[in-house]
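Chains as they are written, first to last, in the numbering used here: chain D, 1 to 764; chain A, 1 to 764.
No lab work stands behind these hints, which were simulated from the structure alone. Take the hints with a grain of salt, since some may be wrong.
Since the list gives no way to pick one copy over another, a pair counts as held whenever it fits inside one copy or between any two copies.
Restricting the straight-line Cα-Cα distance to at most 35 Å, the calculated cross-link-like pairs of lysine-lysine (DSBU-like) are [as the list claims (entries may be wrong)]:
| id | residue 1 | residue 2 |
| --- | --- | --- |
| 1 | LYS392 | LYS118 |
| 2 | LYS301 | LYS118 |
| 3 | LYS399 | LYS576 |
| 4 | LYS301 | LYS760 |
| 5 | LYS72 | LYS20 |
| 6 | LYS590 | LYS456 |
| 7 | LYS275 | LYS732 |
| 8 | LYS300 | LYS72 |
| 9 | LYS300 | LYS732 |
| 10 | LYS65 | LYS118 |
| 11 | LYS209 | LYS289 |
| 12 | LYS72 | LYS736 |
| 13 | LYS187 | LYS392 |
| 14 | LYS72 | LYS209 |
| 15 | LYS478 | LYS155 |
| 16 | LYS399 | LYS736 |
| 17 | LYS480 | LYS590 |
| 18 | LYS65 | LYS703 |
| 19 | LYS290 | LYS576 |
| 20 | LYS20 | LYS760 |
| 21 | LYS576 | LYS392 |
| 22 | LYS118 | LYS521 |
| 23 | LYS478 | LYS732 |
| 24 | LYS760 | LYS374 |
| 25 | LYS209 | LYS187 |
| 26 | LYS209 | LYS546 |
| 27 | LYS209 | LYS718 |
Number of protein chains: 2
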Amino acid sequence: MNQDYIQPDAWSIIEEGFDKDRVKSSESLFSLGNGAMGQRANFEEHYSGPTFQGNYIAGVYYPDKTRVGWWKNGYPEYFAKVLNAPDWTGIDVEINGERLDLAACAEVRAFRRELHMKEGWYHRSFEAVLQNGTEVRVEARRFLSLDSDELGVIKYEVTPLNREAVIVFSPYVDAGITNEDANWDEKFWEPIETRHSSREAFVVARTYKTHFKVAAFMHNTLFRDAEEVCAEPVRTQVREDKVCLSYEIAAGRGERVTLQKLGGYTVSTNHEGDKLVAAAQEVVEAAVKKGYDALLQAQKKAWAEIWEMADITIEGDVKAQQGIRFNIFQLNQTYLGKDARLNIGPKGFTGEKYGGSTYWDTEAYCLPFYMATKNQQVARNLLAYRYHQLDKAIENAEKLGFTGGAALYPMVTMNGEECHNEWEITFEEIHRNGAIAYAIYNYTRYTGDDSYIPEKGLEVLIGIARFWKQRATYSTAKNKYVILGVTGPNEYENNVNNNWYTNYMASWCLEYAAAQVYRVKEQSAPDYTRVAEKTGVNDAEVLQWKETAGAMYFPYSETHGVNLQQDGFLDKELVKVCDLDSSQRPLNQKWSWDRILRSPYIKQADVLQGFYFFEDHFTREELERHFDFYEPFTVHESSLSPCVHSIQAALLDRMEQAYAFYLRTSRLDLDDYNREVAEGCHITSMAGTWMSIVEGFGGMRVKDNTLYFTPKIPAQWKSYSFKINFRGQVLKIHVKASGTEFTLEGDTPLEVVVNGNRTKIMPG
Amino acid sequence: MNQDYIQPDAWSIIEEGFDKDRVKSSESLFSLGNGAMGQRANFEEHYSGPTFQGNYIAGVYYPDKTRVGWWKNGYPEYFAKVLNAPDWTGIDVEINGERLDLAACAEVRAFRRELHMKEGWYHRSFEAVLQNGTEVRVEARRFLSLDSDELGVIKYEVTPLNREAVIVFSPYVDAGITNEDANWDEKFWEPIETRHSSREAFVVARTYKTHFKVAAFMHNTLFRDAEEVCAEPVRTQVREDKVCLSYEIAAGRGERVTLQKLGGYTVSTNHEGDKLVAAAQEVVEAAVKKGYDALLQAQKKAWAEIWEMADITIEGDVKAQQGIRFNIFQLNQTYLGKDARLNIGPKGFTGEKYGGSTYWDTEAYCLPFYMATKNQQVARNLLAYRYHQLDKAIENAEKLGFTGGAALYPMVTMNGEECHNEWEITFEEIHRNGAIAYAIYNYTRYTGDDSYIPEKGLEVLIGIARFWKQRATYSTAKNKYVILGVTGPNEYENNVNNNWYTNYMASWCLEYAAAQVYRVKEQSAPDYTRVAEKTGVNDAEVLQWKETAGAMYFPYSETHGVNLQQDGFLDKELVKVCDLDSSQRPLNQKWSWDRILRSPYIKQADVLQGFYFFEDHFTREELERHFDFYEPFTVHESSLSPCVHSIQAALLDRMEQAYAFYLRTSRLDLDDYNREVAEGCHITSMAGTWMSIVEGFGGMRVKDNTLYFTPKIPAQWKSYSFKINFRGQVLKIHVKASGTEFTLEGDTPLEVVVNGNRTKIMPG
């Protein structure tokens with residue numbers, strides 16, 4: 001844990017007191033998103049202290065030039081990167097001639113932020129003493145509408161406390177923004193046009209190269225106390241990429257004046273490019289017609305609907321409760337599953353770190369959450385995203401010398417292109433390909449949807465199988481297929497030979513793809529014919545896959561009775577993490593890379609990730625032996641690490657350990673375990689937090705079209721509950737120390753297996 | 001071979017005919033240097049075609065900001081880089097109002113370059129037809145004085161051929177230059193002052209950060225035919241970083257007009273910073289007093305003295321003869337051993353690629369050449385260079401987590417700081433440390449100088465031994481010390497475990513350092529006391545070194561009877577280079593990095609490099625077995641590869657193969673085998689060429705203070721000869737098919753062993 005300033009609360013994230021050193025952290029934690037757009041919790045008014053400004057539009061990216069030390073053949077020349085979008089949230093505030101700036105005030109009192117997760121809004125309030133002696137109280141509430149996802153709303157209120165004040169609000173829309181993370185100081189946005197009237201402004205800009213066109217807009221209303229006053233600008237500043245309208249209003253001592261700013265984006269991905277301003281005007285008109293109160297009510301209702309299905313309650317442990325809700329809230333802010341073109345960026349709308357928006361995290365971690373808390377189409381959309389990028393995955397593999405339709409999905413992507421360029425990751429962390437095949441299996445297992453594979457999935461599986469077939473090479477010395485030069489899930493090893501997880505996943509992919517080819521051929525002949533024609537797959541090729549899978553080499557230690565993470569793992573100095581001085585942690589900030597690489601320390605589950613995916617393939621004793629062997633060397637310096645370990649610790653009845661891992665995963669960002677929350681939140685691992693309750697404590701599994709549960713409860717909790725959508729039926733599970741209650745919605749009974757006993761659950 | 005345009009000639013490098021595509025290549029090949037400064041063969045007059053402008057001053061560098069993909073802990077923040085220096089060679093030429101520019105002429109005829117290696121000058125001549133119809137003949141001769149190493153001389157002659165012409169010569173000195181290889185478009189040179197008179201100009205500039213101060217200067221004289229004419233500028237252009245003086249002279253048809261330009265640098269490393277202009281004036285005055293002819297005579301004489309000792313003659317094979325002389329010439333242009341602060345950059349003064357000026361190449365490849373062709377002090381200076389950087393090597397090791405005086409010399413350096421930042425090289429290519437210890441051993445063996453180790457070398461050996469002691473870790477599984485995560489000499493493998501060469505070198509270093517500690521303790525007690533006080537070395541520590549060395553693990557294949565390049569080498573697909581389609585070569589331009597890494601292909605001698613250094617430790621049969629195992633997988637894509645293989649092939653009596661490797665190493669740049677000569681020549685590997693004659697064909701070795709020879713001769717040659725300086729005696733070896741003649745200078749007989757027979761050679 002690296003920080004402890006967030007107030008415990010079941011439904012809200014609360015910060016009290018102003019601390020400049022926490023601003024960037026809170027900008028991440030209090031971020032807002034509605035699936036289509038999002039933003040860091042930057043102050044509306046000017047702030048001259050350290051801040052990281054960020055507004056993001058889902059799916060809008062830019063092909064930045066690659067920066068590397070020494071160029072390696074096969075690197076992408078350009079890659080898609082998350083792009084800072086025009087800012088519609090800014091409101092400069094001048095009070096009695098002085099610009100309001102919390103970094104420059106004489107005093108800041110009663111500063112408070114609240115992210116109200118239940119209702120989906122963010123509120124900030126403070127009292128400021130200006131250098132000119134004026135004391136004011138400020139309250140600002142902001143939300144991004146779930147109903148109208150091009151719209152955001154800000155209510156910004158100022159009350160002079162010790163004297164009357166002339167207040168100038170200068171709301172603006174600005175496309176002249178920069179990226180923190182830009183490689184070459186290139187300009188990303190080309191200004192196209194601006195329009196404005198006394199209350200509205202529009203700035204249209206287009207991304208260079210990718211030519212996404214965006215109209216950023218605002219609409220302003222002024223109030224004195226509750227009464228609307230005429231909003232005629234005293235000053236209008238227009239640049240080619242910015243419009244700022246200044247409104248002046250006098251307020252008596254104790255009198256509240258309010259600027260209500262509506263804003264947002266219309267984007268050429270959803271509208272014709274020449275009608276963006278008109279579309280924005282429609283959004284504004286509808287919103288104005290509804291009015292602030294109705295918009296806020298609708299927001300509360302929309303979030304209530306999400307929570308109705310997605311909420312997890314924890315009784316008796318407010319920090320644990322706050323943690324899981326923060327995770328569920330951020331996931332829903334990032335991706336709602338409405339748009340198959342989108343995916344789940346590792347930082348969501350909370351930062352721009354990492355080039356693209358899609359990692360193997362989506363398949364390995366996020367899919368189960370969306371499968372269980374949304375309808376089936378959402379999960380299918382996530383799979384289809386990769387299907388649509390299959391051609392680019394084949395191109396990517398060709399760049400690396402693979403042929404004949406072999407597909408290597410990129411490590412990081414926005415549009416199918418690779419967005420990463422370190423050879424040891426880009427070229428070698430190839431296990432990601434396996435997660436994409438596994439997700440197809442996992443989806444089919446959970447949903448029972450047998451149509452996805454014949455319609456789309458089979459082509460993906462064939463491309464992936466072809467990659468593994470070619471990537472595995474035959475070792476005469478071992479008389480087996482080996483996979484040389486890889487980076488496994490544990491990124492604290494590079495260029496190793498025979499990473500057990502990778503070899504196991506490759507072998508499984510080959511077998512699974514073969515089985516699906518046979519199944520589709522038998523059960524969906526027209527689909528098979530279409531796919532066979534398109535891909536050229538045939539029985540002889542499939543036999544080769546099976547031959548390679550069957551003769552795969554897996555490193556194993558007779559001495560320890562464990563599958564070895566990779567060849568040579570036992571040559572390391574096997575000093576456990578608990579015997580390491582804590583001043584050496586986190587390793588990636590304290591040790592040089594070579595030292596990390598030759599150490600036994602594991603960044604995140606690697607062999608154990610394989611045991612998580614393929615739990616059924618191993619006995620409990622085998623899991624225990626591997627957990628006891630590997631966990632003591634694991635430093636959990638990846639956000640994706642604690643959840644898997646929490647699930648496995650729970651399975652092994654190690655509830656204290658499972659609980660500790662649960663806290664770590666659920667409060668990773670709130671408590672900033674990895675000392676990097678200022679750069680944004682770890683969105684994808686938040687789905688792991690959900691899994692560690694549902695699959696870990698709840699012990700939920702799906703086998704043979706049936707739900708299994710082995711409910712357990714940490715000693716710290718009185719009870720917990722979660723809901724899942726299983727094939728159209730909604731089941732609520734409420735676990736107490738005394739036992740587990742199941743509540744089934746609808747009117748069909750559901751047979752489940754609880755602690756090994758088959759039980760029929762009746763509706764109601 | 002990638003080009004074949006250099007005319008075969010025993011003493012000169014000659015290009016005939018103008019080809020824009022060859023300009024950058026020839027700029028490298030025709031480079032000049034005098035150990036203190038150097039320059040690419042850029043045209044004096046303006047050239048608008050593709051060119052790579054380069055002037056360099058030995059020891060003048062700049063700390064450029066590091067550029068990497070993803071930062072790794074331990075990378076240097078800044079590193080010293082080779083700096084393009086102010087240009088004193090430029091002469092703009094205007095003929096009848098048109099600027100002379102070979103890229104823009106109507107026609108270029110009779111273009112010819114000659115680098116006269118015997119006498120140390122470069123000459124260029126051509127006839128140009130200008131767009132305005134004027135035809136001129138131009139001859140330009142240039143040399144960098146060996147006697148006065150701050151001075152360069154250019155004689156630039158123009159003769160109108162078809163009409164009279166008004167010619168304006170505009171010689172300039174310009175510090176407003178840029179680096180091709182700059183990382184951040186930073187400015188490197190801060191202009192300080194300019195001074196000029198009608199014939200002279202001085203531009204003083206200082207490097208940012210490192211604050212090297214340089215006065216670049218010129219002095220101009222005009223001639224009509226042989227007669228000096230008044231040089232009063234018609235135009236003087238002065239910028240803060242450039243002075244250009246324009247002289248106008250009319251020439252009748254067939255009348256030759258000449259601008260003689262003296263120029264060069266005075267540098268704050270050799271003069272007080274505020275007296276650079278005065279120092280430059282002295283250089284000019286002395287040169288003017290001597291006059292052009294005397295300067296040229298002195299140049300010829302100085303080079304004659306170098307050749308007297310360093311020349312190798314080859315009868316019957318002009319390309320082989322040209323190759324070896326080009327190599328010897330370039331080595332002497334780069335480093336003359338006069339200044340212990342300098343070293344041998346891999347590109348010398350021919351390019352700016354690679355960050356710094358010192359690689360392990362110096363110790364592994366260059367030392368033998370300088371030991372044998374210069375006096376002993378030159379080689380000792382090369383060792384002392386590392387001694388003076390020991391503190392920085394200890395700092396460097398500390399950054400990577402080593403303690404207690406362990407030293408890791410940088411991969412690349414100018415001032416002791418690391419200049420490379422790819423983790424797999426910077427942190428892992430640690431075998432370089434071994435070469436530095438080996439050079440101390442090699443120097444002592446060859447020169448018999450027993451004083452270097454007690455005076456300086458011992459401290460270096462202790463630092464290096466401490467590094468290896470810590471870097472080797474104990475493997476319980478193997479019950480041996482292992483060295484994990486390294487890159488060996490074969491840079492087509494990264495992060496491998498137990499690279500045989502590295503382990504062998506480490507073990508040898510530990511043993512050798514231990515032996516030297518004991519020897520100094522016994523034989524030079526005061527030195528031992530001083531060093532022990534300074535370093536804290538003691539007997540217990542030395543025993544640990546020996547224990548580690550004795551228990552080192554070496555990968556070995558029983559099946560093949562060879563030491564394995566690294567753990568797991570035999571798991572690769574062992575397809576020989578001869579079975580690889582030639583369209584796949586060079587691998588580093590055709591294959592992605594992961595594919596190279598998992599292939600068996602070897603960039604340069606790796607296990608065989610160990611067999612080269614430690615030839616005595618192995619039988620001829622062992623060498624043969626290892627050569628036959630590894631050479632077929634070797635692609636020789638490093639300039640350092642062919643020479644070692646040539647030497648070993650000769651030792652194994654495979655003269656055709658040895659000859660082929662010899663041609664490849666000696667004509668690597670002339671024939672551009674690696675398709676990169678445009679970036680500069682491969683200077684350090686040129687010493688390998690020398691070795692492949694002296695140690696390869698000549699079979700020269702030193703054992704027990706005695707010279708051994710096993711002379712052989714390629715079938716293509718009638719005879720060859722070389723000279724060596726052995727402990728103050730100069731021995732000439734002349735090898736013919738019919739036998740070998742030895743000629744000894746001086747008056748003391750020398751006992752040598754020829755083909756196993758001990759012989760006394762009498763002087764004369």
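Against the structure, the hints:
1. Taking the shortest Cα distances, LYS392 and LYS118 never come within 35 Å of each other, neither inside one copy (40 Å) nor across copies (58 Å).
2. Taking the shortest Cα distances, LYS301 and LYS118 sit within 35 Å of each other inside one copy (10 Å), while across copies they are farther apart (91 Å).
3. In this assembly of identical chains, the alpha carbons of LYS399 and LYS576 lie at most 35 Å apart only when taken from different copies (23 Å versus 40 Å within one copy).
4. Taking the shortest Cα distances, LYS301 and LYS760 sit within 35 Å of each other inside one copy (33 Å), while across copies they are farther apart (105 Å).
5. Taking the shortest Cα distances, LYS72 and LYS20 sit within 35 Å of each other only across copies (28 Å), while inside one copy they are farther apart (42 Å).
6. Taking the shortest alpha-carbon separations for LYS590 and LYS456, only the inter-copy value of 34 Å comes in at or below 35 Å, while the best intra-copy value is 46 Å.
7. Neither within a single protomer nor between protomers do LYS275 and LYS732 lie at most 35 Å apart by alpha-carbon distance, with minima of 46 Å and 88 Å respectively.
8. With identical chains, the CA atoms of LYS300 and LYS72 are never at most 35 Å apart, being 51 Å at best within one copy and 45 Å at best between copies.
9. Taking the shortest Cα distances, LYS300 and LYS732 sit within 35 Å of each other inside one copy (22 Å), while across copies they are farther apart (96 Å).
10. In this homomeric assembly, LYS65 and LYS118 never come within 35 Å of each other (Cα to Cα): the closest approach is 41 Å inside a single copy and 48 Å across copies.
11. Taking the closest pair of Cα atoms, LYS209 and LYS289 never come within 35 Å of each other, the shortest separation being 38 Å inside a single copy and 63 Å across copies.
12. For the homomeric pair LYS72 and LYS736, neither the shortest alpha-carbon distance inside one copy (56 Å) nor that between copies (47 Å) is at most 35 Å.
13. Proximity of LYS187 and LYS392 under a CA criterion of 35 Å is satisfied intra-copy only: 26 Å inside one chain copy versus 41 Å between copies.
14. Taking the shortest alpha-carbon separations for LYS72 and LYS209, both the intra-copy value of 24 Å and the inter-copy value of 31 Å come in at or below 35 Å.
15. Taking the shortest Cα distances, LYS478 and LYS155 never come within 35 Å of each other, neither inside one copy (69 Å) nor across copies (69 Å).
16. With identical chains, the CA atoms of LYS399 and LYS736 are never at most 35 Å apart, being 55 Å at best within one copy and 53 Å at best between copies.
17. Taking the shortest alpha-carbon separations for LYS480 and LYS590, only the inter-copy value of 28 Å comes in at or below 35 Å, while the best intra-copy value is 39 Å.
18. Taking identical chains as interchangeable, the C-alpha atoms of LYS65 and LYS703 are never at most 35 Å apart, the minima being 46 Å within one chain and 56 Å between chains.
19. With identical chains, the CA atoms of LYS290 and LYS576 are never at most 35 Å apart, being 61 Å at best within one copy and 75 Å at best between copies.
20. Taking the closest pair of Cα atoms, LYS20 and LYS760 never come within 35 Å of each other, the shortest separation being 57 Å inside a single copy and 85 Å across copies.
21. In this assembly of identical chains, the alpha carbons of LYS576 and LYS392 lie at most 35 Å apart only when taken from different copies (33 Å versus 42 Å within one copy).
22. For the identical chains of this complex, LYS118 and LYS521 are neighbours neither inside a copy (48 Å) nor across copies (78 Å), given an alpha-carbon limit of 35 Å.
23. With identical chains, the CA atoms of LYS478 and LYS732 are never at most 35 Å apart, being 51 Å at best within one copy and 54 Å at best between copies.
24. For the identical chains of this complex, LYS760 and LYS374 are intra-copy neighbours only, at 24 Å inside a copy versus 95 Å across copies, given an alpha-carbon limit of 35 Å.
25. Proximity of LYS209 and LYS187 under a CA criterion of 35 Å is satisfied in both settings, with 11 Å inside one chain copy and 30 Å between copies.
26. Taking identical chains as interchangeable, the C-alpha atoms of LYS209 and LYS546 are never at most 35 Å apart, the minima being 44 Å within one chain and 62 Å between chains.
27. In the homo-oligomer, the alpha carbons of LYS209 and LYS718 never lie at most 35 Å apart, since the shortest distance is 56 Å inside one protomer and 64 Å across protomers.
Checked against the numbered hints listed earlier, the structure breaks hints 1, 7, 8, 10, 11, 12, 15, 16, 18, 19, 20, 22, 23, 26, 27; every other hint is satisfied.
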